[in-house]
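Participant: Listed here are the chains, written in short residue letters.
2 protein chains.
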Amino acid sequence: MPSIPIKPDRLLGDLQHLRSFGARETGVVRPAYSKADIAARQWLAGRMAEAGLEPVFDPVGNLFGLPAADTPCMLSGSHSDSQPEGGWLDGAYGVIAALEVSRASAEAGGPPVAVVSFQDEEGRFGALTGSRVWSGALPLDEADRLTDLEGRTFAEARAAMAGLCAADFVRPDRFTGFIETHIEQGPVLDEAGESIGVVDVIVGIRSLQIRFTGHQNHAGTTPMAARRDAFQGLVAFADAINRAFAEIVTPATVWTIGHVALQPNASSIVPGQADFTVQWRDGDKDRLDRMEEIVRGTAERVCAERTLHLDLSNHVAVPPTGMDDGLRARLESAAAETAPDNWRVMPSGALHDAANVARLMPAAMLFVPSIGGISHNFSEDTDTDDLIRGAEVLALAIAV
Amino acid sequence: MPSIPIKPDRLLGDLQHLRSFGARETGVVRPAYSKADIAARQWLAGRMAEAGLEPVFDPVGNLFGLPAADTPCMLSGSHSDSQPEGGWLDGAYGVIAALEVSRASAEAGGPPVAVVSFQDEEGRFGALTGSRVWSGALPLDEADRLTDLEGRTFAEARAAMAGLCAADFVRPDRFTGFIETHIEQGPVLDEAGESIGVVDVIVGIRSLQIRFTGHQNHAGTTPMAARRDAFQGLVAFADAINRAFAEIVTPATVWTIGHVALQPNASSIVPGQADFTVQWRDGDKDRLDRMEEIVRGTAERVCAERTLHLDLSNHVAVPPTGMDDGLRARLESAAAETAPDNWRVMPSGALHDAANVARLMPAAMLFVPSIGGISHNFSEDTDTDDLIRGAEVLALAIAV
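Just so you know, the protein sequences line up as chains V and P, in that order. First residue of the first sequence: 4, per the numbering used here; consecutive thereafter. First residue of the second sequence: 4, per the numbering used here; consecutive thereafter.
Please keep in mind that the hints were generated in silico from the structure rather than gathered at the bench. As the structure is a prediction and not an experimental result, all values here were calculated from the model. Some hints could be false.
Same chains, same label: a pair holds when it works inside one copy or across any pair of copies.
List of simulated lysine to any residue pairs, SDA-like, C-alpha gap at most 25 Å [stated by the list, open to error]:
hint: 1; residue 1: Lys10; residue 2: Ala195
hint: 2; residue 1: Lys288; residue 2: Arg299
hint: 3; residue 1: Lys288; residue 2: Asn317
hint: 4; residue 1: Lys10; residue 2: Thr156
hint: 5; residue 1: Lys38; residue 2: Leu167
hint: 6; residue 1: Lys288; residue 2: Arg230
hint: 7; residue 1: Lys288; residue 2: Leu363
hint: 8; residue 1: Lys38; residue 2: Ala332
hint: 9; residue 1: Lys288; residue 2: Ala229
hint: 10; residue 1: Lys288; residue 2: Ser271
hint: 11; residue 1: Lys288; residue 2: Pro226
hint: 12; residue 1: Lys10; residue 2: His20
hint: 13; residue 1: Lys288; residue 2: Met227
hint: 14; residue 1: Lys38; residue 2: Arg155
hint: 15; residue 1: Lys38; residue 2: Val348
hint: 16; residue 1: Lys38; residue 2: Gly126
hint: 17; residue 1: Lys288; residue 2: Pro322
hint: 18; residue 1: Lys10; residue 2: Cys76
hint: 19; residue 1: Lys10; residue 2: Arg362
hint: 20; residue 1: Lys38; residue 2: Ala130
All chains, full assembly: derive it from the sequences and hints.
Facilitator: Structure follows, in structure tokens:
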């Protein structure tokens with residue numbers, strides 16, 4: 004088995020350097036197609052070239068670093084754009100880990116490794132836009148009509164870096180598989196004191212926007228028995244789904260009511276309308292289906308019992324994506340060797356580019372801990388030892 | 004027993020005329036101290052003079068119509084300002100019913116009856132401002148510092164009608180008691196098909212603003228067991244107080260969570276903060292106390308169980324005001340004679356000027372039905388027969 008000895012100082016130095024392409028010195032503000040994002044990509048392209056890779060920007064700005072030999076090879080990477088108040092590791096870590104493993108492998112006479120930084124993972128135009136377009140999940144002409152919060156279209160945004168970009172997309176058959184390294188963005192590894200998570204599934208997401216319409220009334224003169232209080236309907240609904248979900252979920256299942264808007268939302272008026280969103284995530288499509296039956300059935304029952312009118316809208320269903328068994332086995336062996344008794348198999352509760360790339364080729368994912376579970380925040384961080392260990396696991400899995 | 008035969012056409016004609024002092028022909032928009040409000044008061048003052056009453060505006064714009072004789076007499080009335088989208092009867096009915104009974108009594112050789120239209124009952128500057136100042140519950144210099152939504156002070160607002168106003172307040176010892184006639188603004192009489200409600204108590208109001216602070220998290224990567232979800236805390240709280248209140252309330256007790264604000268209020272983020280208001284009303288101070296113990300105790304228990312931080316603020320406590328036994332007995336007799344088997348004794352769930360006037364003299368209240376329980380709305384209405392019946396009950400109670 005060839006060994007690929009990564010150089011921790013080079014990994015950490017590049018990560019720190021990438022951090023400097025941000026609008027605030029203390030964090031990273033690098034939305035897709037911003038000047039900082041394009042500058043970061045150009046610097047990355049230069050580092051790829053220095054590592055012996057051919058940098059190629061595809062038509063939407065995904066940046067590939069391709070080995071000279073055109074025999075199919077592994078691809079690794081993530082994204083280098085960030086949230087408006089995002090931290091320094093979300094995405095960037097997976098890109099730099101891939102770059103380090105690629106150049107370390109080249110130095111050690113190991114297998115060629117291609118590197119990628121996808122564009123607009125954080126969703127200035129939707130979410131995971133670069134990998135969605137490359138994977139064929141989103142046609143380019145549809146993507147071009149997406150708009151950001153300022154009303155700029157995706158077509159206009161990507162025109163800002165058109166001079167850098169190739170006319171054609173990189174052919175997926177150049178690659179034998181894809182491994183994405185990423186921070187967990189949750190508390191599981193950190194709380195367990197573990198260094199590595201090997202992802203078995205990127206969970207599916209369902210959500211429904213729900214409106215309960217009752218009757219707006221004076222909070223002093225309307226007896227309880229005469230009320231059709233939309234907020235009390237929401238309380239009954241939330242309590243009932245908690246009880247029903249408890250019968251069918253696993254510890255990895257999550258559900259959230261994160262958005263609530265009452266009308267007229269005044270302390271002396273019985274709420275006549277409650278709008279809220281229920282979102283639930285799980286790795287198993289059947290469980291997502293059963294949870295949806297509970298959500299719909301409970302909403303109907305609560306509204307029937309309380310004479311509320313029910314409206315359901317904006318149904319979202321992102322299917323779960325299982326990781327490739329072969330790649331996952333290689334990651335598990337590498338984790339067991341690098342961090343014995345200090346790793347676990349776990350689902351990814353967040354979406355990642357790997358879910359799109361899995362449409363094209365075998366794909367897998369690797370997590371390192373997020374201190375305190377914090378992400379999308381300037382204070383996002385990971386122990387240096389874990390950043391190094393994650394790259395070592397990637398190198399070992401690729402070297403097999 | 005002297006009879007006071009009211010004239011229905013005059014009562015309804017004046018009510019319709021008062022309606023015309025509004026910004027929209029279909030309803031009434033007459034906030035305190037607006038041009039429409041002042042014009043309505045000037046017209047009312049003229050009608051009082053025509054009825055043989057001396058119109059007197061006090062320093063805050065409360066309009067009294069005083070009989071010539073200075074022997075103490077009954078006072079009746081309500082308010083003539085309205086909500087921004089208020090209807091034609093809220094307040095206005097009680098003022099015109101008092102005016103009609105006063106002039107009918109004078110015509111019939113009955114007892115003198117003074118009439119009042121209080122200022123700013125609807126709360127452009129607080130609530131029930133005119134009667135609060137007159138009753139001494141709110142010192143005038145404090146009232147003068149109150150501001151409306153446009154930042155105008157009460158002092159500035161009342162200066163707009165200073166030329167009309169007397170330098171001194173009307174002496175309360177001119178009056179032997181106060182009866183306020185008002186629409187119910189709730190559904191109880193209308194649903195029961197009853198014509199008259201005699202108020203036994205104007206309920207007390209308590210409210211608390213509550214903040215649950217948990218931890219804002221990613222809705223995909225944060226396991227349920229690791230969450231400190233402020234909204235789920237609110238659901239548990241609302242459900243628990245419903246159960247605990249059910250053990251101690253009467254059918255007239257009401258409680259409301261009408262205002263809810265989550266932070267950051269996004270469908271993919273576990274809510275880190277929930278601000279909400281709990282308000283409860285009852286005619287019995289002891290029950291209000293026991294409900295407050297439940298609210299505070301439940302909030303503390305829920306926060307302890309869920310590791311949420313609890314903040315309580317803006318405690319409001321308006322005590323219940325029992326109506327005067329003697330006046331109430333006169334209203335009950337009059338109701339039994341005017342609407343046999345078609346009236347009830349009931350609490351007022353809304354605040355009224357009578358609660359303030361009760362500080363100065365015996366006070367009582369009389370309700371007529373609100374069709375569909377609707378008020379504070381252009382569609383507010385009451386059957387003509389009930390409007391007449393209410394004035395007849397008032398006349399009979401005063402004639403005793």
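Participant: What label fits Lys288 with Arg230 when the C-alpha limit is 25 Å: within, between, both, or neither?
Facilitator: between (39 Å within a copy, 24 Å between copies)
Participant: At 25 Å max between alpha carbons, let me know whether Lys38 reaches Leu167 within a copy, between copies, both or neither.
Facilitator: Classified as within: same-chain Cα gap 13 Å, cross-chain 67 Å, threshold 25 Å.
Participant: When no copy is named, should Lys10 and Thr156 be tagged within, between, both, or neither for a Cα gap of at most 25 Å?
Facilitator: neither (41 Å within a copy, 71 Å between copies)
Participant: What label fits Lys288 with Pro322 when the C-alpha limit is 25 Å: within, between, both, or neither?
Facilitator: within (7 Å within a copy, 56 Å between copies)
Participant: With identical chains, the pair Lys288 and Pro226 could be close in the same copy or across copies; at 25 Å between alpha carbons, which is it: within, between, both, or neither?
Facilitator: between (44 Å within a copy, 18 Å between copies)
Participant: Between the shortest in-copy and the shortest cross-copy C-alpha distance, which are at most 25 Å for Lys38 and Gly126: within, between, both, or neither?
Facilitator: For Lys38 and Gly126, the Cα distance is within 25 Å only inside one copy (17 Å; across copies 53 Å).
Participant: Is it within, between, both or neither when you check Lys10 against His20 at 25 Å Cα-Cα?
Facilitator: within (16 Å within a copy, 90 Å between copies)
Participant: Check Lys38 against Ala130 for me: Cα-Cα at most 25 Å, and say if that holds within a copy, between copies, both or neither.
Facilitator: Within. Shortest intra-copy distance 20 Å satisfies the 25 Å Cα cut-off; inter-copy 55 Å does not.
Participant: Between copies, within a copy, both or neither: which fits Lys288 and Met227 at Cα up to 25 Å?
Facilitator: Answer is between: at 19 Å across copies they meet the 25 Å cutoff, but 41 Å inside does not.
Participant: As a check of your reading, is Lys288 near Ala229 (CA-CA no more than 25 Å) within one copy, between copies, both or neither?
Facilitator: between (41 Å within a copy, 24 Å between copies)
Participant: At 25 Å max between alpha carbons, let me know whether Lys38 reaches Val348 within a copy, between copies, both or neither.
Facilitator: Neither. Shortest intra-copy (38 Å) and inter-copy (73 Å) distances fail the 25 Å Cα cut-off.
Participant: What label fits Lys10 with Ala195 when the C-alpha limit is 25 Å: within, between, both, or neither?
Facilitator: neither (27 Å within a copy, 84 Å between copies)
Against the hints set out earlier in the document, violations occur for numbers 1, 4, 8, 15 and 19.
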